[in-house]
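With the hints as your guide, set chain B onto chain A.
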Amino acid sequence: MIFGLPVLSVVIWLPIIFGILVLATGNDRNAQLARVVALIGALLSFAVAIPLYTGFDRTTSVMQFDELRPWITRFNIHYHLGVDGISVLFVLLNSFFTPLVIIASWKVIEKRVAQYMAAFLIMSGLVNGVFASLDAVLFYVFWEAMLIPMFIIIGMWGGPNRVYAAVKFFLYTLMGSLLMLVALLYLYLQSGGSFEILDYHQMAIPMTAQILVFIAFFMAFSVKVPMFPVHTWLPDAHVEAPTGGSVILKVGAYGFIRFSMPIAPDASHKLAGVMIALSLIAVVYIGLVALTQTDMKKLVAYSSISHMGFVTLGFFIFNTYGVEGALMQMISHGFISGALFLCIGVLYDRVHSRNIADYGGVANTMPVFAAFFMLFAMANSGLPGTSGFVGEFMVIMGAVKANFWYAFLAASTLVFGAAYTLWMYKRVIFGAVANHHVAELTDITAREKLVFAILALTVLGMGLYPLPFVEIMHVSVSDLLVHLARSKL
Amino acid sequence: MNFFSTLLPAYAEIFLLVMVSAILIVDLFVTDPNKTATYLLVQLALLGCSLITVSTHQSGVEHLFHNMFVDDLMSDVLKLLSYLAVSMMLVYSRSYMLARGLFTGEFMALTLFSLLGMMVMISASNFITLYMGLELLSLSLYAMVALQRDSATATEAAMKYFILGALASGLLLYGMSMLYGATGTLDVNAVSDAIRHGVPNKQLLTFGLVFVVAGLAFKLGAVPFHMWVPDVYHGAPTAMTMLIGTAPKLAAFAFAMRILVEALQPLMVHWSGMLVILAVLSMALGNISAIAQTNLKRMLAYSSIAHMGFMLLGVLSGDIDGYSAAMFYTVVYVLMSLGGFGMIMLLSREGFEADKLDDFKGLNQRSPWLAFIMLLLMFSMAGVPPTVGFYAKFAVLSAAVNTGHIPLVVMAVLFSLIGAFYYLRIVKLMYFDAPESHVPISVPPDSSILISFNGLAVLLLGILPGNLMSVCAVSVQQSLLLH
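Chains A and B, in that order, are what the protein sequence lines are. The numbering used here numbers the first residue of the first sequence as 1 and each following residue consecutively. The numbering used here numbers the first residue of the second sequence as 1 and each following residue consecutively.
Please keep in mind that the hints were generated in silico from the structure rather than gathered at the bench. Possibly wrong hints are sitting among the right ones.
Said to hold, decoys possible - Label-pair distances were calculated between CB atoms; the ranges are:
#, chain 1, residue 1, chain 2, residue 2, range
1, B, G273, A, G273, 38 to 46 Å
2, A, R69, B, P224, 40 to 48 Å
3, A, N364, B, I291, 48 to 56 Å
What the hints assert, rightly or not - To give an idea of the chain A side of the interface with chain B (calculated C-beta under 8 Å), a few residues:
#, residue
4, L39
5, F75
6, M156
7, P160
8, L174
9, L181
10, L185
Computed from a predicted structure; not experimentally measured. Even glycine gets a Cβ: it sits at the ideal position worked out from N, Cα and C.
In isolation and in its complexed conformation, chain A is listed as follows (with noise of 0.2 Å):
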């Protein structure tokens, strides 16, 4: 309880109330004010989410926090939040996340800063919603409502190809949005008038039904992680995508967690292995495509699709060390992404140019940068000591008690993903000074040293010492596996 309210709806609700705050500070002659006003509300938002790392019970497995209030009684439809040791995870890395996005654009975003901010603020609170809910229909509701500032954040302030990018991001993650929502609807038919997420994970379905609605699920969730072969609108998104929009966590694969492996096990474990084959593919064959790019956005778009690939790898193989190997890769891949777009961020906001050839020997003039630059490279090429070391690691030993070759394939990573990033490193920073542009920079403002030592804190932090990450999920992991292990035919 925060002031007598629940916890989870002042960490949903606040920077929804702040975005409108933000919005209402009005055009761009009061642009400080709204930055300044967006700060405020994105650091309360994460200091009101703290009580639920300090509250929150690790030896249960179930939902804590709970709320539950009837929103539509016609169709039995609840405002029900809680989160368990999974979700728990996630409410606070994006809590944590969104006071250093607003810092990130700070002086990047000049024109409609109230409106950039607002919209992220309110993104902010709206994937807050995601995670913490557990009735379908609020889940649905949160989930798509996120798509709408994501459109604007891509669309007003991207790159050139920005409208293109935005639009196909909107129908591709809408198209399978709303094949989710028939299988909620057949789940809610199926389940004599129940939208409870749980009430679902005790369900028993045939297998058929169990297919259809994995498949359903799938094509939601695959296209938001992204996976192979729906990645596509990833690449386009991100490189166009203002710095801070890059930054979007991947919420898909936290749907698999959540429906479709607990909903339809049985189907889970009858696709796992069309599921690991798209996952090494897009460890394998997506690493090599970033390999070749030209574009360092490209680049760490196609980096993060590779890394997801794990993520998937981990959940699909069933074991403890895969899933909660995914589950701290996805947190530490969301910090390393995020820290390097924020780097080509610094790069492009005093070249305009995301091209790799345009740059050279950056160190020169840039060393403070260069240093934490060469940190997030290498914690990105799964470095040990860095947060990139340990998903990784752990996903690899899950696979190898699975079977030898999907962790053959799966540490191809290593090389590959050290072969692109350090490759890429190498061409940026080292070497004789490129152009006059490159001679022109200069290092990075207290305000950029702030947002990267925070992350390079982070990643440092969980790659040396992952126990409290661990630790708050792993009741909630076991029970998870214990109940795909059982049938629900």
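Below, chain B alone, put in the same frame as chain A:
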């Protein structure tokens, strides 16, 4: 019992008729070119009607004039919503029509006559009453579309509307006569009883049904009877388009309920099959053709075809959940299209129609608030939460899944994905493009307050849709169970 008190259920209709006649006379003496007095009188008449409808409401179903006329909860709710829609339409269109010299007494009187037609349709419990209401509505609308005599497109639209509308009425009447031949009665409930007890000539009955469904599809604008919709929506002055595109849909829903559900429920297997075809074709053609439009009114016309197809999905589910979902859908659609057409009129000026898609370019830079309202309306039409349009689709889809129409639901969902594209394009034009003109937007205070209310209603009903849903459910339930 006193004669007048037996008329209680029809007081609202009688009051409105008296008021229209009074308004026609009063208007002759109003010299003010702005017609303020007439306008206020019209709004007063609408307010009076709502008060009468609320105060004469009785629980249960009342029949009147030898079962020609029925008053139940559904008719009261639909009537109240029709008053609201007509009243909103008048507020939106006042300055638009004034600027074009069309804000005349005839315009307002015809509006009220069409409303009277809708009310009669909504309360009809006999085929003749139904037909009378429909004709009163249609004839008023034909005349209204033609009101702008110096506009070639408006005249053409009126002509098309009249000819096709007359054809549809003919079909309908023909169908009704066949049903009469087969069952020997025109009374809605008696027809249903007669069919239940067995009709000697099944063939005649089925033929009659086909004609009736065709007539209904014409009025709803469902494919393949949709030809008039784009031309009339496009050609008519926007205020008339708004009137045609909003409140009559409520009456058409009542029409569908009275004739298909109350009278022909025993033939559900037959008509629901026909509606499947209408629904699928409407969603397909409406959504796909809308993509190609450059004129917003025309786009909204195709969008209305698609929406009606979606609404039919609820009706063809053939159970109370389906009907109440269809009613909810219709109400929500009326609310959204009031906002959509209202926005066009708001942005129009003297000698300038803001009905091209390009006129919406960069609206966010010219007026962020109006752009935001339009964004809400467009996302609502596309069915994206947290706007109310989502719950309308949700309710209909849920009813259709319940009755086992899963392939149809998947199709509906895919067509609404196509639909999302063109609504999204409006948002794109408003937010991502640079404005083409920098003429400051001046909106009259009354319609600007109303459009804000309209847009926020779409959002607030989206956050708390429960009550409106229950109202629809209860009213459909009551009027069906008590019959």
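The hints, checked one at a time:
The hint said 38 to 46 Å for the Cβ distance between G273 of chain B and G273 of chain A, and at roughly 42 Å that hint holds. A beta carbon spacing of about 47 Å between R69 of chain A and P224 of chain B agrees with the range 40 to 48 Å that was offered as a hint. With their beta carbons about 53 Å apart, N364 of chain A and I291 of chain B fall inside the hinted range of 48 to 56 Å. A hinted interface residue such as L39 of chain A counts as satisfied when its beta carbon comes closer than 8 Å to some beta carbon of chain B; here the least separation is about 22 Å, so the hint is violated.
The beta carbon of F75 of chain A is positioned within 8 Å of a beta carbon in chain B (closest approach about 7 Å), and the interface hint is therefore held. Taking 8 Å as the C-beta cut-off, the interface hint given for M156 of chain A holds, the closest approach to chain B being about 6 Å. With 8 Å as the threshold, the beta carbon of P160 of chain A stays out of range of chain B, its nearest partner Cβ sitting at about 12 Å, so the hint is violated. For the restraint placing L174 of chain A at the interface with chain B, the shortest Cβ-Cβ distance is roughly 6 Å, inside the 8 Å limit, so the hint holds.
Annotation: L181 of chain A was flagged as interfacial toward chain B, and the flag holds, the nearest CB pair being 7 Å apart, inside 8 Å. A cut of 8 Å between beta carbons decides the hint on L185 of chain A: the least distance to chain B is about 4 Å, and the hint holds.
The structure does not agree with the numbered hints 4 and 7 stated previously, though it agrees with the rest.
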